[in-house]
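Residue numbers (our numbering), protein chains in the order written: chain R, 1 to 112; chain Z, 1001 to 1116.
Treat the hints as calculated values from the structure; they're not laboratory data.
Every residue, glycine too, gets a C-beta built ideally from N, C-alpha and C.
Some hints here could point you the wrong way.
[What the hints assert, rightly or not] Distance ranges between label pairs, derived from CB positions:
#, chain 1, residue 1, chain 2, residue 2, range
1, R, Ser10, Z, Ser1087, 14 to 24 Å
2, Z, Ala1097, R, Gln3, 40 to 50 Å
3, R, Pro81, Z, Gly1003, 19 to 29 Å
4, Z, Arg1112, R, Ser27, 28 to 38 Å
5, R, Asn30, Z, Asp1063, 47 to 57 Å
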Amino acid sequence: GQQLNQSPQSMFIQEGEDVSMNCTSSSIFNTWLWYKQDPGEGPVLLIALYKAGELTSNGRLTAQFGITRKDSFLNISASIPSDVGIYFCAGHGSGNTGKLIFGQGTTLQVKP
Amino acid sequence: GAGVSQSPSNKVTEKGKDVELRCDPISGHTALYWYRQSLGQGLEFLIYFQGNSAPDKSGLPSDRFSAERTGGSVSTLTIQRTQQEDSAVYLCASSWASGPSTDTQYFGPGTRLTVL
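Just chain Z, with the same shape it has in the complex:
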């Protein structure tokens, strides 16, 4: 299919380890977003990419969180020294452009992260 894909679908790690989560957006989409969804909660914005640059990182909860995007396509969200409170579903979305009343954000299925 041509939708947003994320890997891995599930990740179990030990507290203190680093993890990398990957997002493959829809081909041609220039805008890419990362959100976090804790159990029973709505989605919480983390970071936004336009091309390879990240003009809005305001949602990253701490300096243990970082993300990059290369070639205007694939993005990687890295969490260093994971903590139990990092356990959540991490969702990626992409769209043709950004901004209000512009294109629909299409979401991937998410990566479920469990920190033991």
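Just chain R, with the same shape it has in the complex:
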């Protein structure tokens, strides 16, 4: 089945540093989504990408939909302590049901 490979698995950075994480797939995805999950909560959508090559920003977050439609990255600039959490990439699976395929997640820790 369709799978997303997300890296790195975890990151421990200093406040103020920039962060980059990415997802790759062996199959084409028509959408790429980036979610953040705080402890004890469900994931919350950060950025949605719908076109190959699309580059979208949301505050300090920037994400791009790869030209090949098989990869995406998320950058966080000038990290702050509240950026701590687990970040997931996701894409819509095959068919038209809207089900999401998720990466394994990147756990981000920010040291003040």
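Let chain R serve as the given structure and place chain Z on it in line with the hints.
Then chain Z, alone, in the frame of chain R:
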């Protein structure tokens, strides 16, 4: 609030018992999804509802798992004869519609299931 709610928030059960997990979607959302998240893993799709019908059950791991949705609103995920490997966080999401490049899926806080 008007978000997706799930109950219970935590459930501890003994191996072999049946459990029911409940999801209340956002009012008016026609699409409803169940996902499972094992410790340290990403979310795994279980089942999708459009209204009261479930056109995609492809993610249900075994016939011990079933789900229903009534009145186009509340959904219940039932796990029969629970096993220890069923231990996970079960997340529900809803959206206005379904399909790629359509509406955002809003997630509930999940039910943490522990099977002893």
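So, going through the hints one by one against the coordinates:
1. R:Ser10 - Z:Ser1087: 14 to 24 Å: 22 Å, holds
2. Z:Ala1097 - R:Gln3: 40 to 50 Å: Violated, at about 26 Å.
3. R:Pro81 - Z:Gly1003: 19 to 29 Å: 25 Å, holds
4. Z:Arg1112 - R:Ser27: 28 to 38 Å: 32 Å, holds
5. R:Asn30 - Z:Asp1063: 47 to 57 Å: 32 Å, violated
The structure does not agree with the numbered hints 2, 5 stated previously, though it agrees with the rest.
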